[in-house]
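Work out the full structure: start from the sequences and follow the hints.
Chains as they are written, first to last, in the numbering used here: chain A, 1047 to 1550; chain B, 715 to 1243.
These are calculated hints, taken from the structure and not from any lab test.
Small disclaimer: the values here were computed from a predicted structure and weren't measured.
One should not assume that every hint holds.
[Stated by the list, open to error] A few chain A residues that face chain B, going by a derived Cβ cut-off under 7 Å, partial list only:
#, residue
1, T1282
2, P1283
3, A1308
4, F1395
5, T1396
6, K1422
7, T1426
8, R1530
9, L1531
10, N1532
11, Q1534
[As the list claims (entries may be wrong)] Between beta-carbon pairs, the in silico distance windows are:
#, chain 1, residue 1, chain 2, residue 2, range
12, A, A1545, B, G851, 36 to 42 Å
13, A, T1282, B, H861, 42 to 48 Å
14, B, G851, A, A1522, 32 to 38 Å
15, A, H1207, B, P1099, 32 to 38 Å
16, B, G888, A, L1202, 37 to 43 Å
17, A, L1304, B, H861, 49 to 55 Å
18, B, R850, A, T1282, 36 to 42 Å
19, A, R1330, B, L1091, 42 to 48 Å
[To be verified] Derived list of chain B stretches under chain A, where covered just means 3 residues or more per stretch with a C-beta under 8 Å from a C-beta of chain A:
#, region
20, 852-865
21, 987-994
Ideal Cβ positions, reconstructed from N, Cα and C, are used throughout, including at glycine.
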Amino acid sequence: MTERGLRLLLLASVFTIATCGLIYELIAGTIASYLLGDSVLQFSTVIGVYLFAMGIGSWLSRYVEKNLLGVFIQVEFLIALFGGSAAAVLFGLFAHVSSFRVLLYAIVLLIGTLVGLEIPLLLRILKDRLQFKDLISKVFTFDYIGALLASLLFPLVLVPHFGLARSGFLFGILNGGVGLVALWALWDQVPRARLLRINGVAVLALLACGFVFSERIVSWSEAAAFGEDVIFSKSTPYQRITLTRHADDLRLYLNGNLQFSARDEYRYHEALVHPGLARLPHARRVLVLGGGDGLAVREILRYPHLESVTLVDLDPAMTRLFSTQEVLTRLNHSAFASSKVHVVNADAFTWLKDNREMFDFIVADFPDPSNFSIGKLYTTAFYQRARTALAQEGAMVIQCTSPFVAPKSFWCIDETLRACGLVTEPYHAYVPSFGEWGFILASPRALGGPWRLPPGLRFLEEKNVASLREFPPDMARVPTEVNRLNNQALVRYFEAEWARYTHQ
Amino acid sequence: MKSTRREFLATAGAGAAAMLTGCKKPRPRFSGSILGPALAAGHRMRDGSFPPPTETIEAGVAIVGGGIAGLAAAHQLDKKGARDFLLLELERDPGGNAACGRNAVSAYPWGAHYVPLPNDEATEVLALFEELGITRGRDANGAPIYHEEYLCADPMERLFDAGRWQEGLLPQLGIGPDDRRQYERFFAEMETFRQTLGADGRHAFAIPLDESSRDEALLALDQATMAAWMTKRGFTSKPLRWHVDYCCRDDYGAGMENISAWAGVHYFAARRGRAANADHDAVVTWPEGNGWLARRLAEPLGQRVRGGCVVFNLEQNNSGVAVDFFDLARQRSVRLRARGVVCAAPRFVAQRIVRGLAPVTGLEYSPWMVANVTLALLPAGRGAPLAWDNVVRGSASLGYVVATHQNLHPVPHETVLTHYWPLDASAPPEERQRALTRTHADWCDLIVADLARVHPGIDAHIRNLDVWLWGHGMVRPVPGFIWGETRQRMQPPHGAIVFAHSDMSGISIFEEAFTRGTRAADSLLALIS
Chain A
1047 MTERGLRLLL LASVFTIATC GLIYELIAGT IASYLLGDSV LQFSTVIGVY
1097 LFAMGIGSWL SRYVEKNLLG VFIQVEFLIA LFGGSAAAVL FGLFAHVSSF
1147 RVLLYAIVLL IGTLVGLEIP LLLRILKDRL QFKDLISKVF TFDYIGALLA
1197 SLLFPLVLVP HFGLARSGFL FGILNGGVGL VALWALWDQV PRARLLRING
1247 VAVLALLACG FVFSERIVSW SEAAAFGEDV IFSKSTPYQR ITLTRHADDL
1297 RLYLNGNLQF SARDEYRYHE ALVHPGLARL PHARRVLVLG GGDGLAVREI
1347 LRYPHLESVT LVDLDPAMTR LFSTQEVLTR LNHSAFASSK VHVVNADAFT
1397 WLKDNREMFD FIVADFPDPS NFSIGKLYTT AFYQRARTAL AQEGAMVIQC
1447 TSPFVAPKSF WCIDETLRAC GLVTEPYHAY VPSFGEWGFI LASPRALGGP
1497 WRLPPGLRFL EEKNVASLRE FPPDMARVPT EVNRLNNQAL VRYFEAEWAR
1547 YTHQ
Chain B
715 MKSTRREFLA TAGAGAAAML TGCKKPRPRF SGSILGPALA AGHRMRDGSF
765 PPPTETIEAG VAIVGGGIAG LAAAHQLDKK GARDFLLLEL ERDPGGNAAC
815 GRNAVSAYPW GAHYVPLPND EATEVLALFE ELGITRGRDA NGAPIYHEEY
865 LCADPMERLF DAGRWQEGLL PQLGIGPDDR RQYERFFAEM ETFRQTLGAD
915 GRHAFAIPLD ESSRDEALLA LDQATMAAWM TKRGFTSKPL RWHVDYCCRD
965 DYGAGMENIS AWAGVHYFAA RRGRAANADH DAVVTWPEGN GWLARRLAEP
1015 LGQRVRGGCV VFNLEQNNSG VAVDFFDLAR QRSVRLRARG VVCAAPRFVA
1065 QRIVRGLAPV TGLEYSPWMV ANVTLALLPA GRGAPLAWDN VVRGSASLGY
1115 VVATHQNLHP VPHETVLTHY WPLDASAPPE ERQRALTRTH ADWCDLIVAD
1165 LARVHPGIDA HIRNLDVWLW GHGMVRPVPG FIWGETRQRM QPPHGAIVFA
1215 HSDMSGISIF EEAFTRGTRA ADSLLALIS
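Next up, the structure:
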């Protein structure tokens, strides 16, 4: 290769590595703000640490005295490996490490240091091939052009089309490619070229596998389906848990069904808990069935006179996630860390059978009755069991899907509760991400009493609670069957009503 | 049956995979074995090769056989205060056709696995249900209120036909208008039978069966086969005939070509059970099937039930009845002196062991194979979701029942399928012989092939496969049996030996066995007091 060709090649690699370097930085910043929330802080600290690490790399470059080319190529391969896989690694380990921050900044430091080595090494490689003023001018020109390209590509092309993990792998491959091309062009000048080539090919193969299989690491198709960025996704033996992030919104999906949106979940959870609990001043013991996100518990803990809250949720992965991940504990105010709260991972039906304790307030916050397994948790058999755990002066509240979309389903739950001899009080609230949502309070005796709402609520206030109980004609009571284990009438209503709604 | 494109692709894929791996797929082998009933001991009884008794014990009443009839007799004696009895059972555990098993995944049945809502006339069974908490009182209309967890949970049945699962057991996919008209007419006729009262004012078809009308016009149905009756009534629809044949095989272990029209119609027209909280076609069931009932009946009896006892001689004498049995555990023969006996063994056994009892001829028993398949996966499939009873149209088996269906835990990761297969391809003696020559691996091949028709690749998820052979699974209501002379001759007691078994009814169902056992205990008490 001619000297001119070689110079061009090296400058082209400046351009590529500059693009790659910025992409890694943007990926790290985005992941930090997705997973830890507070995007201004996260972006700022990630960029700061990254630039600082680049400084460390630049400083370290002075210790490279021999074999500049070999070291440069090796650094390219290392950056390709760490930078390319960073997004997938961070997503993959999010739920498994106790301190995600430490992992995140360790990776940012490592990549930053390696990227910091690149330009000084290249400058020294090129110093005898160019005049100093040309060298500085060209290298930095390409560096900044690369940065511009990266900052445009990242939000406009990469994130929407590839997602974070795949973008990482793609640019890792480009980065590794720079190393391989340089190796090929300067084969004679690099000691132990064969060994380097093996390294490079291995890294590229790994990244290519990552690119192809990253759907499994962070489901790309899932991201497309949700229209949001999937920041966590895990199949447990019980369900598929998915957390997504879109701008400042955080959403939880179970088996693809929205459970909450951080923007308006307070409406749902205030409406779930307070209409019952605010009228039970004598309540001391509360039971939550389902609700592994701890958001109902957060509302319950607003009543200082309560002595204990028992939460029974089937899936240990859910309660673990919501008691350890900072972005989630911030949402549920670390509800599971309260000394009053006892978490039991068991099936609610089976647990109730063996339970001998009595509760003043029971919250049944199960997923919608979309299949026969969940439908069992809305039957007379279930409510009869729950009733045996309910104090005579207590009450139970059930989340009951949408009375607007699925009026038969909603009123079927009411009919079922009444068939168990309970007095019911149906009500509804508007939760923007869900639509019009229904709840039913059920108690052995009619609930009277004044409302003593705790301070700090954002949705409920004494003067608007009466309106929750008014059902306009399009949600009015309709006659239905009683839901029993042996007819699962509710699941059939639910299926028909939601199918009609979503197919419109 | 025409194979669907999907099945073809699955087979082609498997073939390609086998070619790729370059070797023949090894024959699937699973842990498990061929279990009971205690064939060797039973056959030894037939040959009469037991040593004479060397020990004598006494009891007020001896009950021979611990199936539902024997347990019902014991239950009734206990209730009447006649607590001095001893029940002798060939198997280790009582239960008979209601036998059950259990492993780490679930309990499961080895035979009978449900009871439909009992008719009002089945007073004994209704009283038992109330006693065991299966019902809890009655509503204003007098309909029993059933314990919801014992009612078979929805979805109850699904049928694989035309490449997909559909709800219910009556073929609905791809049927023509004529089929539909015949369906309507058939079920209308059955409904008429259900409501018909004979000239004697009794229900045309009742349970217990002996409560049925003796109206000659109705009894005439017993002379023809169900298949002939269907043809005569113009029921030619293939899906309808498949359904009726399936139902006959399910309840009698033999298709409509072999059983009487009276028995066939009885299946559809005898059920008038009521529930305050379920449809009239509901059933009660448990993971272990009727083994739950057998256990609840046997538990309070304690030491008065002795398993592993082969009764080989029943003799009348002046003071009562001598019951000679061989104790398998101690390997010795014992004589039990009793004032009276409830012989709750099937008739083909009873007439071998009761001295001086004139044998009846023409009794036919259907052989069955029942397998319990432990799976590390819930079987799914296109169409209707997994149900309690899952049937495949065109299969020689009756399909499978999911033992964990009544489980309230929402996501069982494993399950046990009870696979039922009446061996009715040829005459019972031939089938019995063939069944005995098959090895465990042979049965595995047959069962897996049957399951794989609807669940390709299921063998990869099988953890264990046990097989139970019932040589004489149940009495077969062949034409002329139920209302003929043979059955009549089986009824009267032989001295102080009273008989109780569902074969005396001609249909093998819980209600018949339980009612017969209960009534036999009553009549024996009257006889010996």
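Evaluated hints:
Because the beta carbon of A:T1282 sits about 10 Å from the nearest beta carbon in chain B, more than 7 Å, this interface hint is broken. Annotation: interface hint on A:P1283 holds; nearest CB of chain B at approximately 6 Å, less than 7 Å. The interface hint given for A:A1308 is broken, as the beta carbon of that residue sits about 27 Å from the closest beta carbon of chain B, more than 7 Å. Annotation: A:F1395 was flagged as interfacial toward chain B, and the flag holds, the nearest CB pair being 4 Å apart, inside 7 Å.
A least Cβ separation of about 6 Å between A:T1396 and chain B falls short of the 7 Å threshold, and the interface hint therefore holds. Taking 7 Å as the C-beta cut-off, the interface hint given for A:K1422 holds, the closest approach to chain B being about 6 Å. The restraint placing A:T1426 at the interface with chain B holds, with a minimum CB-CB distance near 6 Å, inside the 7 Å limit. Taking 7 Å as the C-beta cut-off, the interface hint given for A:R1530 holds, the closest approach to chain B being about 6 Å.
With 7 Å as the threshold, the beta carbon of A:L1531 comes within range of chain B, its nearest partner Cβ sitting at about 5 Å, so the hint holds. Look at A:N1532: its Cβ gets to within about 4 Å of chain B, closer than 7 Å, so that hint holds up. At its closest, the beta carbon of A:Q1534 sits 4 Å from a beta carbon of chain B; the interface hint therefore holds under the 7 Å criterion. Hint check: A:A1545 to B:G851, Cβ distance near 39 Å, so the stated range 36 to 42 Å holds.
Separated by about 32 Å at the C-beta atoms, A:T1282 and B:H861 break the suggested range of 42 to 48 Å. About 34 Å separates the C-beta atoms of B:G851 and A:A1522, a value consistent with the hinted range of 32 to 38 Å. Take A:H1207 and B:P1099: their Cβ atoms lie about 37 Å apart, and the range 32 to 38 Å holds. The given range of 37 to 43 Å is broken by B:G888 and A:L1202, whose C-beta atoms sit roughly 52 Å from each other.
A:L1304 and B:H861 have their C-beta atoms about 37 Å apart, which leaves the hinted 49 to 55 Å range violated. Taken as a hint, the range 36 to 42 Å holds for the pair B:R850 and A:T1282, whose Cβ atoms sit roughly 37 Å apart. The beta-carbon spacing between A:R1330 and B:L1091, approximately 44 Å, falls within the hinted interval of 42 to 48 Å. With a threshold of 8 Å between beta carbons, the proposed coverage of the region 852-865 of chain B by chain A holds, since 3 of its residues qualify and at least three are required.
Requiring three or more residues with a Cβ within less than 8 Å of a Cβ of chain A, the coverage given for the region 987-994 of chain B holds, as 3 such residues are present.
Consistency with the previously given hints fails for numbers 1, 3, 13, 16 and 17, ordered from lowest to highest.
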